[in-house]
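Engineer: Sequence:
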Amino acid sequence: MRIYNFNGQGKTKQLSEKEIDEGFMDLAIDQAKVALSKGEVPIGAVVVSQGKVIGKGYNLTEQLNDVTAHAEMQAITAASQFLGGKYLKDCTLYVTVEPCVMCTGALYWSQISRVVYAAPDPKRGSSLHGGLYHPKTQILSGVRAEVCAELIQSFFRNKR
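Mapping of the sequence shown onto UniProt numbering: position 152 corresponds to residue 152, and the numbering continues sequentially without gaps.
Hint data in this document are derived by calculation from the structure and do not stem from the laboratory. Hints may be right or wrong, so weigh each one.
As the list claims (entries may be wrong) - Computed beta-carbon distance windows for the label pairs:
#1 Glu19 - Asn65: 19 to 27 Å
#2 Glu62 - Gln138: 26 to 34 Å
#3 Gln14 - Lys123: 36 to 44 Å
#4 Glu17 - Lys136: 28 to 36 Å
#5 Glu146 - Glu17: 13 to 21 Å
#6 Lys11 - Ser37: 34 to 42 Å
#7 Lys159 - Thr12: 15 to 23 Å
#8 Lys11 - Gln111: 34 to 42 Å
#9 Pro120 - Lys18: 15 to 23 Å
#10 Ala149 - Ser37: 35 to 43 Å
#11 Gln138 - Asp26: 16 to 24 Å
#12 Glu62 - Thr12: 18 to 26 Å
Unchecked claim - DSSO-like, lysine-lysine: derived pairs with alpha carbons at most 30 Å apart:
#13 Lys136 - Lys86
#14 Lys159 - Lys52
#15 Lys159 - Lys18
#16 Lys159 - Lys136
#17 Lys52 - Lys13
C-beta: ideal position from N, C-alpha, C; glycine also.
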């Protein structure tokens, strides 16, 4: 996949994979900030296919009074509707916090190709349970981790 950045001076440059991942994670962070503005736990997610966002979401558990309304679930549903099918092969999910077991199960069944998350979740993250992703799913962690960890930590500090 080639994604180019227009620098405003009539020149373009091909972005590195790291720059692409950071750019899409920034969009997930924007979704987390929407959740924060609504009093929700600030977690955001976007699903990308061929360099284009095809699904996005943020936590809606309080607003919808629904424990399954996690950012990842919202983004998966939107992406599936966009594609007209339940499988997200050749797609990447960017999410600000490590997915929980429920969301990882949904990602498994969607057969998503890649998951990129920022901050680990040492209490409820799926990595605590090992091997829950589809065998073909690639996992990358730590992209914009500090920013996302601070967003979550400040939210819970203010709640106490």
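Engineer: Look at each hint and say if it fits the structure.
Structural biologist: So, going through the hints one by one against the coordinates:
no.: 1; hint: Glu19 - Asn65: 19 to 27 Å; verdict: violated, 39 Å
no.: 2; hint: Glu62 - Gln138: 26 to 34 Å; verdict: holds, 32 Å
no.: 3; hint: Gln14 - Lys123: 36 to 44 Å; verdict: holds, 39 Å
no.: 4; hint: Glu17 - Lys136: 28 to 36 Å; verdict: violated, 18 Å
no.: 5; hint: Glu146 - Glu17: 13 to 21 Å; verdict: holds, 20 Å
no.: 6; hint: Lys11 - Ser37: 34 to 42 Å; verdict: holds, 36 Å
no.: 7; hint: Lys159 - Thr12: 15 to 23 Å; verdict: violated, 44 Å
no.: 8; hint: Lys11 - Gln111: 34 to 42 Å; verdict: holds, 38 Å
no.: 9; hint: Pro120 - Lys18: 15 to 23 Å; verdict: holds, 19 Å
no.: 10; hint: Ala149 - Ser37: 35 to 43 Å; verdict: violated, 19 Å
no.: 11; hint: Gln138 - Asp26: 16 to 24 Å; verdict: holds, 20 Å
no.: 12; hint: Glu62 - Thr12: 18 to 26 Å; verdict: violated, 42 Å
no.: 13; hint: Lys136 - Lys86; verdict: holds, 16 Å
no.: 14; hint: Lys159 - Lys52; verdict: violated, 35 Å
no.: 15; hint: Lys159 - Lys18; verdict: violated, 34 Å
no.: 16; hint: Lys159 - Lys136; verdict: violated, 39 Å
no.: 17; hint: Lys52 - Lys13; verdict: holds, 18 Å
In summary, the structure is inconsistent with hints 1, 4, 7, 10, 12, 14, 15 and 16 from the numbered list given earlier, while agreeing with the others.
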